[in-house]
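Could you build all of it, start to finish, from the sequences and the hints given here?
Residue numbers (my numbering), protein chains in the order written: chain A, 17 to 128; chain B, 7 to 119.
No lab work stands behind these hints: they were computed from the structure. Quick caveat: nothing in here was measured; it's all calculated off a predicted structure. Errors might be hidden in some of the hints.
Among the chain A residues that face chain B by a calculated CB cut under 10 Å, a handful are [said to hold, decoys possible]:
#: 1; residue: P98
#: 2; residue: F116
#: 3; residue: V117
#: 4; residue: F118
The C-beta atom is built at its ideal place from N, Cα and C for all residues, glycine as well.
The primary structure of each chain is shown beneath.
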Amino acid sequence: KQEVTQIPAALSVPEGENLVLNCSFTDSAIYNLQWFRQDPGKGLTSLLLIQSSQREQTSGRLNASLDKSSGRSTLYIAASQPGDSATYLCAVTDNYGQNFVFGPGTRLSVLP
Amino acid sequence: ETGVTQTPRHLVMGMTNKKSLKCEQHLGHNAMYWYKQSAKKPLELMFVYNFKEQTENNSVPSRFSPECPNSSHLFLHLHTLQPEDSALYLCASSQPEAGYGYTFGSGTRLTVV
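Given below as C-alpha cells:
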C-alpha cells in the first residue's frame with residue numbers, strides 16, 4: 017500500500033528565503049506526482065504535475081523534482097513571500113493514474 | 007474558479023437531517039472523486055467514479071451515498087450523520103488516461119450538530 021510522507025510538518029521562514037519541501041513515497045511504481053497548495057478552509061490548487069518519465073517541472077518561482085528510484089520529490093520555492101504561506105501537499109498516483117494518495121502536508125509560514 | 011464547482015460552500019445539519027452536496031465540472035474529465043479532509047488528518051479518498059461507474063468505495067459508511075448521473079455531475083447524499091463527520095468535503099476531477107492531474111473544487115465545509 018502506497019504511503020506518502022512530508023517533511024517538515026511545519027516551517028516558518030523570513031521573507032526572501034529560498035526553501036525546500038520534501039515528499040517521500042514508499043512504492044516507486046507511480047504514474048504522476050502532483051504538488052498542491054491549500055489555503056486554510058479552502059480547496060486545493062494545483063501547482064505542478066510531474067509525470068513519471070519526467071525529472072522536474074518549473075513554474076515561476078517554483079521548481080519540483082522527482083527521483084522515482086529513491087521515492088522522493090522536492091518542491092523548491094525561491095525568494096519566498098508572505099503570500100506563499102499555506103499548506104503544501106504532495107500526492108502520487110498508481111500506474112493507472114487514477115487514484116492519488118496524499119501526504120499530510122507541510123504548513124509554511126513566511127514572515128514579513 | 008478552478009473549473010470544478012461545489013455547492014453549498016458551507017452546510018450545518020442536524021444528525022437527523024438529509025442533505026446533498028453537489029459537484030460540477032465542465033473540463034471534459036471522465037473521472038470524479040469525493041475526498042474528506044478532517045482536522046490534522048491527511049486527505050481521505052471516499053469514492054471514485056470513472057465514466058459514471060463507481061470504481062472505488064473506500065469503506066465509507068452507508069450514511070454517505072454517492073450519485074453520478076453523468077460525467078459532469080457528482081453528488082454526495084448525506085443522512086443520519088454523526089458529529090465526527092464534520093469536515094471539509096472536496097470534489098476533484100481528472101482525465102487519468104491523458105496523464106492529467108487532479109483539479110479540485112473549493113470544498114463544502116460540513117458541520118453536524
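Hint by hint, here is what the structure shows:
1. Hint status for A:P98 relative to chain B: violated, with the closest Cβ pair at about 22 Å, above 10 Å.
2. Interface restraint check: A:F116 against chain B, minimum CB-CB distance 6 Å, threshold 10 Å, status holds.
3. Interface restraint check: A:V117 against chain B, minimum CB-CB distance 8 Å, threshold 10 Å, status holds.
4. The restraint placing A:F118 at the interface with chain B holds, with a minimum CB-CB distance near 4 Å, inside the 10 Å limit.
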